[in-house]
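Colleague: What follows is each chain in one-letter form.
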Amino acid sequence: MTTISYRAGSFVRNGYGFRTAIRMEWHKLRSVRSTWWIVASFAVSLAAVALLVLGHEGYARLSAADRASFDPLHDTFIGLVLGQLLTGTLSVLTITTEFSSGMIRSTFAAVPRRSLVLVAKAAVLGAVTLAAGEIVAFVAYAAGQAALQAPAPHATLGQPGVMRAVLLAGAYPALIALIGLGVGALVRHTAGAICALVGVLFVLPLLFFSPSLQNAAQNFLPHGMANSMTAVKPLAHALPPALLFALLCGYAVAALAAGAWALTRRDA
Amino acid sequence: MTTIEARGLIKRYRSTLAVDRLTFDVHPGTVTGFLGPNGAGKSTTMRMIMGLDRPDAGQVRIGGRRYGDLRWPLREVGAMLEAKAFHPGRTARAHLTALAASNGIGRQRVDEVLAITGMDKAADRRAGKFSLGMSQRLGIAAALLGDPGVLLLDEPVNGLDPEGIRWIRHLMKNLANQGRTVLVSSHLISEIAHTADALIVIGQGHLLAQTTVAQLSARTGSLEEAFFQLTAGVTDYRGNNYQGNLT
Chain U
228 MTTISYRAGS
238 FVRNGYGFRT
248 AIRMEWHKLR
258 SVRSTWWIVA
268 SFAVSLAAVA
278 LLVLGHEGYA
288 RLSAADRASF
298 DPLHDTFIGL
308 VLGQLLTGTL
318 SVLTITTEFS
328 SGMIRSTFAA
338 VPRRSLVLVA
348 KAAVLGAVTL
358 AAGEIVAFVA
368 YAAGQAALQA
378 PAPHATLGQP
388 GVMRAVLLAG
398 AYPALIALIG
408 LGVGALVRHT
418 AGAICALVGV
428 LFVLPLLFFS
438 PSLQNAAQNF
448 LPHGMANSMT
458 AVKPLAHALP
468 PALLFALLCG
478 YAVAALAAGA
488 WALTRRDA
Chain H
30 MTTIEARGLI
40 KRYRSTLAVD
50 RLTFDVHPGT
60 VTGFLGPNGA
70 GKSTTMRMIM
80 GLDRPDAGQV
90 RIGGRRYGDL
100 RWPLREVGAM
110 LEAKAFHPGR
120 TARAHLTALA
130 ASNGIGRQRV
140 DEVLAITGMD
150 KAADRRAGKF
160 SLGMSQRLGI
170 AAALLGDPGV
180 LLLDEPVNGL
190 DPEGIRWIRH
200 LMKNLANQGR
210 TVLVSSHLIS
220 EIAHTADALI
230 VIGQGHLLAQ
240 TTVAQLSART
250 GSLEEAFFQL
260 TAGVTDYRGN
270 NYQGNLT
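Protein chains in written order, with the working numbering: chain U, 228 to 495; chain H, 30 to 276.
Please note: incorrect hints may appear among the correct ones.
[As the list claims (entries may be wrong)] Computed cross-link-like contacts, SDA-like style, restricted to lysine to any residue with a CA-CA straight-line distance of at most 25 Å:
no. : chain 1 : residue 1 : chain 2 : residue 2
1   : H       : Lys113    : U       : His283
2   : H       : Lys158    : U       : Thr491
3   : H       : Lys113    : U       : Thr491
[Said to hold, decoys possible] Computed footprint of chain H on chain U, listed as stretches where at least three residues anywhere in the stretch have a Cβ under 8 Å from a Cβ of chain H:
no. : region
4   : 336-346
5   : 350-363
6   : 378-385
7   : 453-459
[What the hints assert, rightly or not] To list a few chain H residues with every Cβ distance to chain U over 10 Å, as calculated:
no. : residue
8   : Gly37
9   : Arg50
10  : Arg76
11  : Ala108
12  : Phe115
13  : Ala127
14  : Met148
15  : Glu184
16  : Asp190
17  : Thr240
18  : Ser251
Don't read these hints as lab results, they were simulated from the structure. Where a beta carbon is used, it is the ideal one built from N, C-alpha and C, also for glycine.
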């Protein structure tokens, strides 16, 4: 009987549930200074890199072949190299600092369903990083195009693939944030979780050194996938952007599922 | 009126048996002292009551329900299991506001518990800067947040100044007099003698006695002496009688 009324509680506000857990996680995220430092660094790095890179594109010096394959957007989002690490770190911290401080026991005392805590964290972090990512992606796009000098061809949002590239550039850091949250729930320690994330984002691609392996890296490792998702002209051997996006969403779901499994199984 | 019922609790950490077939009841309307030497299993047992650690066997019910089945946990059970169960970068008020939000508790209750614990002036300071005594007060504020019928306090007097110790004694007695269930652990016998009426004594994870302070101290005349007799065989960490060698 208790179980039934408790289940119903999530919907009729007759007990804690998704809505109250979200409110808790939102209060937690915004009341820690590092959140806003990280979001600000994320915004600055993406926009500044776009400005710098497209301002020094050197189109005039390119060969005819290079001009033919010139992608007016492609380098705009190079700042994602740093940006992905910032959103990933933000979400790692939201869970590992709870374990290091003992806050996690206050959290689980308030919301005993641990998978619900992780889902609420994912929803709040996902919303914040997606909103920040999309705003910053459009700002970076505009800054990059403004910095790009004639005779280089400029992109407009109406051209095929441009809107998709900008939207996916904004969504990518949010997906890395969700992967980071899952890794953080699994590893529990800040340094260990960030190392794991750096390993996946930066070290793993180095192991894919031969040309045939590089195709795999481009299609199956997050940063390679980001390159293809944010390019207007398709890269050789790349899977379609929509498929890469779906695959990356799958990675995020898998990481969160592993994190939820670890949270519910282990003692807090 | 809520009773905590532990039945045959067993908790093993790798090779050590932290809690061994522990069975006891904690009744409402009285302060129950939870006494035992360091490493006796007090904190482990409290974590199992809260559903934070999973027992290897046995079960514990709060008013007939598992902790995980409570609909508004903070409104039914308030706990301070460790002094610093908060993020050091968050202010006391933000910490309490976040917890309150999870259980549909209004913001004015946050101000109330800050006032009750004497934390109103420190409410907007970051909790990482607090002394141990201030951290304890914040922990107690969090425990009181949902005005719960059951309170679990693990070593609440640690780090409190004499005024704070007197305050928490009165607080616990008042809460019990209102009909609430209050379980307070301590390794300080004199502290338990001041506040508790009922007593649960454990050692090496075993129940040594479920009794009252009056009964136990009647055996030998002093609670302290009775406690040492009770725990004689089950104390893990004991210093030696150091004579010194100054010449």
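Colleague: Under the constraints set out in the numbered hints, which ones does this structure not fulfil?
Modeller: 1, 2, 5, 6, 7, 10, 11, 12, 13
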